[in-house]
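What follows is each chain in one-letter form.
Protein chains: 2
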Amino acid sequence: MASKVTPLSGFQEWLPAQRIVEQRFTDTLREVFELHGFASIRTRAVEPVDRLGGQGEDADKEIYGVRRLAATDEDGEPGMGLHFDLTVPFARYVLENAGHLTFPFRRYQIQPAWRGERPQRLRYREFVQADIDIVDSGDLPFHYEVEIPLVVADAFSRLPVGEFRIHVNNRKIPEGFYRGLGIDDVTTVLRIVDKLDKLPPEAVRERLLADAGLTAEQADQCLALATVRTDDTGFVDQVRALGVSHPTLDEGLDQLAQVMAAAAEHAPGLLLADLMIARGLDYYTGTVYEIRLVDAPEGTPSIGGGGRYDALASDGKRTFPGVGISIGISRLLGLLVGEQGLVADRETPVAVLVAVNDEDSRAESMRIAAALRRRGVPTLVSPKAAKFGKQIRFADRRGIPYVWFPGAGEAGGDAVKDIRSGEQVDADRDVWSPPAEDLTAALVTPEA
Amino acid sequence: MASKVTPLSGFQEWLPAQRIVEQRFTDTLREVFELHGFASIRTRAVEPVDRLGGQGEDADKEIYGVRRLAATDEDGEPGMGLHFDLTVPFARYVLENAGHLTFPFRRYQIQPAWRGERPQRLRYREFVQADIDIVDSGDLPFHYEVEIPLVVADAFSRLPVGEFRIHVNNRKIPEGFYRGLGIDDVTTVLRIVDKLDKLPPEAVRERLLADAGLTAEQADQCLALATVRTDDTGFVDQVRALGVSHPTLDEGLDQLAQVMAAAAEHAPGLLLADLMIARGLDYYTGTVYEIRLVDAPEGTPSIGGGGRYDALASDGKRTFPGVGISIGISRLLGLLVGEQGLVADRETPVAVLVAVNDEDSRAESMRIAAALRRRGVPTLVSPKAAKFGKQIRFADRRGIPYVWFPGAGEAGGDAVKDIRSGEQVDADRDVWSPPAEDLTAALVTPEA
Numbered sequence: 001m002a003s004k005v006t007p008l009s010g011f012q013e014w015l016p017a018q019r020i021v022e023q024r025f026t027d028t029l030r031e032v033f034e035l036h037g038f039a040s041i042r043t044r045a046v047e048p049v050d051r052l053g054g055q056g057e058d059a060d061k062e063i064y065g066v067r068r069l070a071a072t073d074e075d076g077e078p079g080m081g082l083h084f085d086l087t088v089p090f091a092r093y094v095l096e097n098a099g100h101l102t103f104p105f106r107r108y109q110i111q112p113a114w115r116g117e118r119p120q121r122l123r124y125r126e127f128v129q130a131d132i133d134i135v136d137s138g139d140l141p142f143h144y145e146v147e148i149p150l151v152v153a154d155a156f157s158r159l160p161v162g163e164f165r166i167h168v169n170n171r172k173i174p175e176g177f178y179r180g181l182g183i184d185d186v187t188t189v190l191r192i193v194d195k196l197d198k199l200p201p202e203a204v205r206e207r208l209l210a211d212a213g214l215t216a217e218q219a220d221q222c223l224a225l226a227t228v229r230t231d232d233t234g235f236v237d238q239v240r241a242l243g244v245s246h247p248t249l250d251e252g253l254d255q256l257a258q259v260m261a262a263a264a265e266h267a268p269g270l271l272l273a274d275l276m277i278a279r280g281l282d283y284y285t286g287t288v289y290e291i292r293l294v295d296a297p298e299g300t301p302s303i304g305g306g307g308r309y310d311a312l313a314s315d316g317k318r319t320f321p322g323v324g325i326s327i328g329i330s331r332l333l334g335l336l337v338g339e340q341g342l343v344a345d346r347e348t349p350v351a352v353l354v355a356v357n358d359e360d361s362r363a364e365s366m367r368i369a370a371a372l373r374r375r376g377v378p379t380l381v382s383p384k385a386a387k388f389g390k391q392i393r394f395a396d397r398r399g400i401p402y403v404w405f406p407g408a409g410e411a412g413g414d415a416v417k418d419i420r421s422g423e424q425v426d427a428d429r430d431v432w433s434p435p436a437e438d439l440t441a442a443l444v445t446p447e448a
Numbered sequence: 001m002a003s004k005v006t007p008l009s010g011f012q013e014w015l016p017a018q019r020i021v022e023q024r025f026t027d028t029l030r031e032v033f034e035l036h037g038f039a040s041i042r043t044r045a046v047e048p049v050d051r052l053g054g055q056g057e058d059a060d061k062e063i064y065g066v067r068r069l070a071a072t073d074e075d076g077e078p079g080m081g082l083h084f085d086l087t088v089p090f091a092r093y094v095l096e097n098a099g100h101l102t103f104p105f106r107r108y109q110i111q112p113a114w115r116g117e118r119p120q121r122l123r124y125r126e127f128v129q130a131d132i133d134i135v136d137s138g139d140l141p142f143h144y145e146v147e148i149p150l151v152v153a154d155a156f157s158r159l160p161v162g163e164f165r166i167h168v169n170n171r172k173i174p175e176g177f178y179r180g181l182g183i184d185d186v187t188t189v190l191r192i193v194d195k196l197d198k199l200p201p202e203a204v205r206e207r208l209l210a211d212a213g214l215t216a217e218q219a220d221q222c223l224a225l226a227t228v229r230t231d232d233t234g235f236v237d238q239v240r241a242l243g244v245s246h247p248t249l250d251e252g253l254d255q256l257a258q259v260m261a262a263a264a265e266h267a268p269g270l271l272l273a274d275l276m277i278a279r280g281l282d283y284y285t286g287t288v289y290e291i292r293l294v295d296a297p298e299g300t301p302s303i304g305g306g307g308r309y310d311a312l313a314s315d316g317k318r319t320f321p322g323v324g325i326s327i328g329i330s331r332l333l334g335l336l337v338g339e340q341g342l343v344a345d346r347e348t349p350v351a352v353l354v355a356v357n358d359e360d361s362r363a364e365s366m367r368i369a370a371a372l373r374r375r376g377v378p379t380l381v382s383p384k385a386a387k388f389g390k391q392i393r394f395a396d397r398r399g400i401p402y403v404w405f406p407g408a409g410e411a412g413g414d415a416v417k418d419i420r421s422g423e424q425v426d427a428d429r430d431v432w433s434p435p436a437e438d439l440t441a442a443l444v445t446p447e448a
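Chains as they are written, first to last, in the UniProt record's numbering: chain A, 1 to 448; chain B, 1 to 448.
Careful, some of the hints might be misleading.
Which copy is meant is left open, because identical chains are indistinguishable; a pair holds if it fits in one copy or across any two.
What the hints assert, rightly or not - Lysine-lysine pairs mimicking DSS-like chemistry, simulated, CA-CA at most 27 angstroms apart:
1. Lys-317 / Lys-195
2. Lys-195 / Lys-61
3. Lys-317 / Lys-198
4. Lys-61 / Lys-198
5. Lys-384 / Lys-317
6. Lys-387 / Lys-61
7. Lys-195 / Lys-390
Think of the hints as simulated: they come from the structure by calculation, not from any bench.
The following block holds chain A by itself, in its conformation from the complex:
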């Protein structure tokens, strides 16, 4: 094995105590997704290159091709590439298995994806995504657009991410509003207005006049719409007050009001009707979502988003509309673990270290460990029959809270010591368990 290690930038790897945070996050997401009836799938890492392409020139450039090192051009192997999101493989999976799936199909998927982009803060070349989608064959009822952000709110409420908001809009609102203003090229206007998170309003206004050919009044109205933001259904009156009307606008306002009304009951304070949110303009057709951390430093990108789309995939006969959201696990952990120091208070799952009195009694220590494990207590036997002080330090260095001493109790029984408090009590290997809060690692930040 070569000894020189060449670090690769843009690939996130964690030390064991940090990895426990990652596991806790993905476990929690999985648990909540399953509680809400999403089934897991796992797709292969590669797709045919022709299925990955066509996402725009910049995106295509970032695709990683995959090819056997020994392949020659004569082999005629089909071009393969690593998937750059979980949507393309999911769409292919739905088409490939449509005859075996029952629709509406609710799936979650937690896997890495790869993009060969230049690594920057919170942007990686390999990143784990957690996606949920509900797709149907033919028609997809609107109520799923109400449901998706409630699932995400439920999940994030259980994660130590601090305050968060799910910003919600409905593509029909700007579209209907623009049409009501007499604007025909809705897409161009949307694309310009979407720059509001990067450019000052005055610059966006200039472009609306110059590039989209809007009148000053139209431009002002478009900007006014984009500033509407309420944590309840109050946005409806604010939009109405702008005096524009169109059937598509009515539909959008009604749908977004339904989302906010359900949020008021099931996820109070967690959703925000934010009419500036656009996301992937050509793709989404109804409700759109963006997940943001309230206390994240300036310049932190959103850590997830999604929306309603009318055609995830089509096999020529059937079309599969859907609604979904994608959570950027690597980005979330890059911020919370990498930048803010969130970490587990131990670097191992172990709750109890069983001491070894001398090497001849290792078998007895193994018996104790087996008894504890049978009752679900992660247990390790000490690697060496060293002095007890040294064995305790072995546990302490790893954050293991308890050390078990065979035969150290009354009448030849065992004893267990909480090495944080120093308290030692007699204990029966077939009865004693650590308190629930010590059974698994706790997540801590250095500041806390």
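Given the coordinates of chain A, assemble chain B onto it according to the supplied hints.
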């Protein structure tokens, strides 16, 4: 999205009810690994090609190179490839993080790996492996060689794999035995004897005479050693009876006897001392393991293996010896799920479907679902306020065992029906739970 789906051979993907089996297997392995004190790590999918190479010409040919499609030779990007096992990335991880890890370091890792080999029965181009290893800095105590197969036995005892055996040998036994016979070129003899699983003994004997230059007596002794196989420490006397002696042989017999003695207590009947097992000849230096399913059809390869190695990695100053085992999840599932039809009895995690009386009361059904989920019951709200018969069929088709009817109980309360038995009882959304065996899917085989 292009509509044509091109299947790729050698990539295993499962339908949702099969995927539940995969999850159950990886969850069980993870649980047991953590109970035994192994910490999780996750490494990136790619390694520098120069780290992946040098595993033998055939293996090198199978490496998948990874390169941005838009990369030009002038970019000078370092050559990267997908890892083909979890050992190479683990060795690199240990070197890269040696200063931050505490040794002995026990890690488990459950991830895909990739090899561009020709797909065959139970051999895949993308395959999930579950690895455990214990590595130390400098010296690694022998007792870890005793421990590793006990962890695997604990894990497999909890999986529906049928009868299994962990075949165990110690590299010091053939090495010492050959040296005791006066054979110098131990490696060549080992390599020829290792063919016994493919060639008849007579053919192996011919090669020992012709290629390794053994005398007839030496060859017969080597073959006699390889046939020794006992489920207890009886192998020691059988080897002694062959009349060969050497200090290395003594050490190997003693160590293998310790493994078998511990197995007799902690994993009775699950280990087999099998002196034919060799595995990766140049690599292992002590105990070696191979996991086999007793009832698997003829020609089924082993579903895991490993052993003790003296140098996982070295940074020039320190050497990291270790012992570990790798379980081939994809191979296991290819056999049990793909060939034998093992599957979950539902295609969703959902235990309860909440019916919707009419679309106006969907909010009430959502409230019921939220109450059940708060108590850990995976619950789905019916997609449409269809006739109850249709809503029941929706549940039935997915294997969801219970349907909840809002307001169908006495005095306006709710009722829940077990749709398998047809039994319906009044139920309180804040109290009722399904029996534990119905809370999660059960794994079944069509024959059972």
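Exercise for the section: Up to 27 angstroms between alpha-carbons, please classify Lys-317 paired with Lys-195: within, between, both or neither. Expected result: Close neither inside one copy (38 angstroms) nor across copies (54 angstroms); limit 27 angstroms.
Problem - Copy assignment of Lys-61 with Lys-198, given that the CA separation must stay at most 27 angstroms - result: within (24 angstroms within a copy, 48 angstroms between copies)
Practice task
Go through the copies and call it for Lys-195 and Lys-390: within, between, both or neither, with a Cα cutoff of 27 angstroms.
Solution key: Cα proximity of Lys-195 and Lys-390: none, with 60 angstroms in one copy and 47 angstroms across.
Handout entry: Up to 27 angstroms CA-CA - Lys-317 versus Lys-384, copy category
Key = Result: close only across copies, 23 angstroms inter versus 67 angstroms intra.
Practice task
If the cutoff is 27 angstroms on CA atoms, where do Lys-195 and Lys-61 land: within, between, both or neither? Let me know, please.
Solution key: within (23 angstroms within a copy, 48 angstroms between copies)
Practice task
With 27 angstroms as the alpha-carbon cut-off, assign the pair Lys-317 and Lys-198 to within, between, both or neither.
Solution key: neither (41 angstroms within a copy, 51 angstroms between copies)
Practice task
Measure nothing new, just compare the shortest in-copy and cross-copy C-alpha distances for Lys-387 and Lys-61 to 27 angstroms and report within, between, both or neither.
Solution key: Neither: 60 angstroms inside a chain and 51 angstroms across chains, both beyond 27 angstroms.
Checked against the numbered hints given earlier, this structure breaks hints 1, 3, 6, 7; the rest are met.
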